[in-house]
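Chemist: Residue-level listing of the chains:
2 protein chains.
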Amino acid sequence: MPDFHLPLNLYLERYPHKNTALYHALKDMIASGKLEYGAKLPSSRELGGLYKLSRGIVSLVYEMLASEGYVASEVGRGTYVAFRRDGLPGKEERPVRESACELSAWGRRVAELPTRKPEEGPRPAIDFAVGYSDRRHFPASDWNRMLFAQVRGMADSYYGDKFAALGHMPLREAICRHLQRARGVDADPSSVAIVNGSMHAIALIAQLLIDPGQAAVVENPGYPGTLSAIAAAGGRPIAAAVDGHGLVPADWDAKLVFVTPARQFPTGAVLSLERRQRLLAWAYEHGAIVVEDDYDSEFRHRGRPIEPLKVLDRQDRVVYIGTFTRTMMHHFRIGYAVLPSALCEPFARARQLFEPHPTSILEQRALAAFMNGGDYERHLRRMGRVYSRKFELLRGELARKLPDLFAPAPSDAGLHLFARWKRSAGFYEAFRRECRNEGVLWSDGTGYYVEKPAPAACFGFAHVSEEEIIEGIARMRAVADRMFAE
Amino acid sequence: MPDFHLPLNLYLERYPHKNTALYHALKDMIASGKLEYGAKLPSSRELGGLYKLSRGIVSLVYEMLASEGYVASEVGRGTYVAFRRDGLPGKEERPVRESACELSAWGRRVAELPTRKPEEGPRPAIDFAVGYSDRRHFPASDWNRMLFAQVRGMADSYYGDKFAALGHMPLREAICRHLQRARGVDADPSSVAIVNGSMHAIALIAQLLIDPGQAAVVENPGYPGTLSAIAAAGGRPIAAAVDGHGLVPADWDAKLVFVTPARQFPTGAVLSLERRQRLLAWAYEHGAIVVEDDYDSEFRHRGRPIEPLKVLDRQDRVVYIGTFTRTMMHHFRIGYAVLPSALCEPFARARQLFEPHPTSILEQRALAAFMNGGDYERHLRRMGRVYSRKFELLRGELARKLPDLFAPAPSDAGLHLFARWKRSAGFYEAFRRECRNEGVLWSDGTGYYVEKPAPAACFGFAHVSEEEIIEGIARMRAVADRMFAE
Chain A
1 MPDFHLPLNL
11 YLERYPHKNT
21 ALYHALKDMI
31 ASGKLEYGAK
41 LPSSRELGGL
51 YKLSRGIVSL
61 VYEMLASEGY
71 VASEVGRGTY
81 VAFRRDGLPG
91 KEERPVRESA
101 CELSAWGRRV
111 AELPTRKPEE
121 GPRPAIDFAV
131 GYSDRRHFPA
141 SDWNRMLFAQ
151 VRGMADSYYG
161 DKFAALGHMP
171 LREAICRHLQ
181 RARGVDADPS
191 SVAIVNGSMH
201 AIALIAQLLI
211 DPGQAAVVEN
221 PGYPGTLSAI
231 AAAGGRPIAA
241 AVDGHGLVPA
251 DWDAKLVFVT
261 PARQFPTGAV
271 LSLERRQRLL
281 AWAYEHGAIV
291 VEDDYDSEFR
301 HRGRPIEPLK
311 VLDRQDRVVY
321 IGTFTRTMMH
331 HFRIGYAVLP
341 SALCEPFARA
351 RQLFEPHPTS
361 ILEQRALAAF
371 MNGGDYERHL
381 RRMGRVYSRK
391 FELLRGELAR
401 KLPDLFAPAP
411 SDAGLHLFAR
421 WKRSAGFYEA
431 FRRECRNEGV
441 LWSDGTGYYV
451 EKPAPAACFG
461 FAHVSEEEII
471 EGIARMRAVA
481 DRMFAE
Chain B
487 MPDFHLPLNL
497 YLERYPHKNT
507 ALYHALKDMI
517 ASGKLEYGAK
527 LPSSRELGGL
537 YKLSRGIVSL
547 VYEMLASEGY
557 VASEVGRGTY
567 VAFRRDGLPG
577 KEERPVRESA
587 CELSAWGRRV
597 AELPTRKPEE
607 GPRPAIDFAV
617 GYSDRRHFPA
627 SDWNRMLFAQ
637 VRGMADSYYG
647 DKFAALGHMP
657 LREAICRHLQ
667 RARGVDADPS
677 SVAIVNGSMH
687 AIALIAQLLI
697 DPGQAAVVEN
707 PGYPGTLSAI
717 AAAGGRPIAA
727 AVDGHGLVPA
737 DWDAKLVFVT
747 PARQFPTGAV
757 LSLERRQRLL
767 AWAYEHGAIV
777 VEDDYDSEFR
787 HRGRPIEPLK
797 VLDRQDRVVY
807 IGTFTRTMMH
817 HFRIGYAVLP
827 SALCEPFARA
837 RQLFEPHPTS
847 ILEQRALAAF
857 MNGGDYERHL
867 RRMGRVYSRK
877 FELLRGELAR
887 KLPDLFAPAP
897 SDAGLHLFAR
907 WKRSAGFYEA
917 FRRECRNEGV
927 LWSDGTGYYV
937 EKPAPAACFG
947 FAHVSEEEII
957 EGIARMRAVA
967 DRMFAE
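Line order of the protein sequences matches chains A and B. Under our numbering, the first sequence has 383 at position 383, and the numbering climbs by one with no breaks. Just so we're on the same page, our numbering is the position in the second sequence counted from 1, plus 486.
Mixed in with the good hints there might be a few duds.
[To be verified] Footprint (simulated), chain B over chain A, 3 or more residues, beta carbon under 8 Å:
#1 293-306
#2 428-441
[What the hints assert, rightly or not] Quick list of simulated restraints, FRET-style, between CB atoms:
#3 Arg152/A x Glu915/B: 38 to 44 Å
#4 Glu438/A x Arg663/B: 40 to 46 Å
#5 Glu793/B x Arg84/A: 21 to 27 Å
#6 Gly925/B x Arg152/A: 27 to 33 Å
Derived from the structure by calculation, the hints contain no laboratory data. For glycine and all other residues, C-beta sits at the position ideal for the given N, C-alpha and C.
All chains, full assembly: derive it from the sequences and hints.
Modeler: Encoded structure:
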């Protein structure tokens, strides 16, 4: 098959790994119709030979494409394109009259939520995006073994988890033991709710506590999801100031505050003990609920942690939220909320309204086993070392190479660095666009401001290799030298 | 270890399988403290010898208990109890003052939703419960192979599904192909939303469309979840009559109706074509949305299906909901909604508010592969034969053995039989209790009435073996003979 041509080099520039590059190259050719329905593909040996790829890589990519319906294999026929571009009727062929429908007040609010659009075009090779983890160091074989054991064991759990609206009880118990060891939180498993990622808990709590017109306090800058949750409930956000010691307490007229004490999102500031106590005193006085989002304090590179609000709380006013997405994998959407007694029952009912039976029960069970066997703690310890190295490297490179452009906020923990842009605001977008053209991107920190936005960058480093950190900052320096030379 | 005693026979009466019986026997002894922390358990060979169990069964049960943290193994020490009853602090030890919190109007409505309490005590050996599937005939090894392949492949899908709020696109495409073949529905993948079970779609749609005080039509009897969804949104349910041809259309003053046309839940009646057309005409006139819940029409034992409302609809007013829970496994919480264009964007936003990234992505990918490879259709065909045999057997046994007690509603499809109680209402509960004592139970149909409840039974037969069907009905006959002899 000598006339088979694939623009693989183009894709290798975009995707760091050969298999991902090959996957996207083939998929795009099929989806665009350049490889037509029924077209025969080279054997894995032939294709491997043509593009200097191992046969295993080609086979893996063919398997992925087959599982998505793009290709199929038959004995005697080999692998061929199984995707018909015209296989599904387009909208224009349907004799259906589209018509509007009246949304509820909630529906209208949700439909009008601002969206953070995905960046257009392919992601560049070096991508300091926030929210990922290091998959190269993930103990995939240990984890898969746990998962496989649960897959095989599931046939026997028949009635088992049917009424566990708040999630798999052994996982909730394992989380309590972990929280006690790692954060000093004394939680009862009955007060722990498993959720599908921390945003799930934030949105349910906002809906449970906020009536239209009511106020809720958010950090500025802060996590945009919190703002969406408040807006969907019809609430009125009060933007609280943030400085080098985290959120600045004030005498807000509100019943609810969302805060990230362990590591302010996105700045990384640690809420001081004195402010923690003031915040709790405010909550007691106003009968308010404090939602403590502890989204990535598992990884502390220096210094000692301060006790969570949940530990300091003596009036059962704090919801403590944690997630496994950052410590496990990006697609692993399991988080949890430790609830005040007064919220346990309403939260369970709310959870159960949408999902009468728990989802991800396989992953919940595997995670319980992973935690109970000690693998999770071991994984955290090992990743802590990996991330600390990357953290120090990135901090150093930013300070050495880009001191004129970015002012990184002091930070001792976590998986990203927040840095304010030091030059005039007008240059920021142009610089970002130029860097992108050079194959380097970062999460835009500007969008995290509730009001008075200032240009800033969020450099997520968890999934980026040490070589890529050095190369990425060097490319940014080169762009800056070109742009700001005069 | 001759003094190790386990009440296994007691558990074998409750649990049909040896491994489940052994699992619960050991777990209960550990949880109750009869087996204390640190206590050594017999080796799998010893325990197998004592209770005539294969070593493999004992090992599997030990593994399950280990994954839940009840036992642990160490080289040289064997398997021992790892669960401390006093390992977690109880509420009474916490110096925390519990305090109430003010819920939103939505929170108060959710907290006051009626709950269907789980039946107390262990489920009896023969349990005609609704909502399960036949796990003995499930192609577990084929499915597990798909799942394992996805587990191994996941490392490569990094950015892949990040912005797919409505779910994994290849799965949505596979669902469209399936719906076209099986139900004649022409759906565009962009209008298909993956949800965590059909209740997830029902609750989100109710919240998107119903404002407090607004009316929504439900079937009487009908699915209690629909009623909860309406109540949570603050809506006012209108109970529509149901007869042998399904829901009876009327000129309701409402903007939303929930209906189960393929097989009315729970009666099994098929909505006639004429009524389908009247229902759509009503929706067009009132600008209403029709939610068509097609929860188990995959299994048709006789006759031909009528076209779904979604196919008959010419004004894009129908939401079509389906689920894989009944066709796959009970713990497999994946369903979907085919949305009218006007609802796609609001539904995606609502979904994304709670879950910015899709959950169960592993299972979504594996299911897409399972469907694209033809395994799903094969599985449905084979299960169709299995279920048809059970369906005919149960119908026959009910007619032959219990004609004085139950009047089964005519039904041609699905996985349960609805049967009205023929004797006086006062006897129904007593009969049910007595049967339970004899090891037979069924889902109570009485609770499905929105108003004017009448005693009725729902016999779910999917997970019950043919022998158990015969034995269960025979035991019920024996109870009836004893109770109603005089």
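Chemist: Against each hint, give a clear statement of whether it holds in the structure.
Modeler: These are the hints, each one checked on the structure:
{"no.": "1", "hint": "293-306", "result": "violated (count 0)"}
{"no.": "2", "hint": "428-441", "result": "violated (count 0)"}
{"no.": "3", "hint": "Arg152/A x Glu915/B: 38 to 44 Å", "result": "41 Å, holds"}
{"no.": "4", "hint": "Glu438/A x Arg663/B: 40 to 46 Å", "result": "42 Å, holds"}
{"no.": "5", "hint": "Glu793/B x Arg84/A: 21 to 27 Å", "result": "24 Å, holds"}
{"no.": "6", "hint": "Gly925/B x Arg152/A: 27 to 33 Å", "result": "29 Å, holds"}
Checked against the numbered hints above, the structure breaks hints 1, 2 and satisfies the rest.
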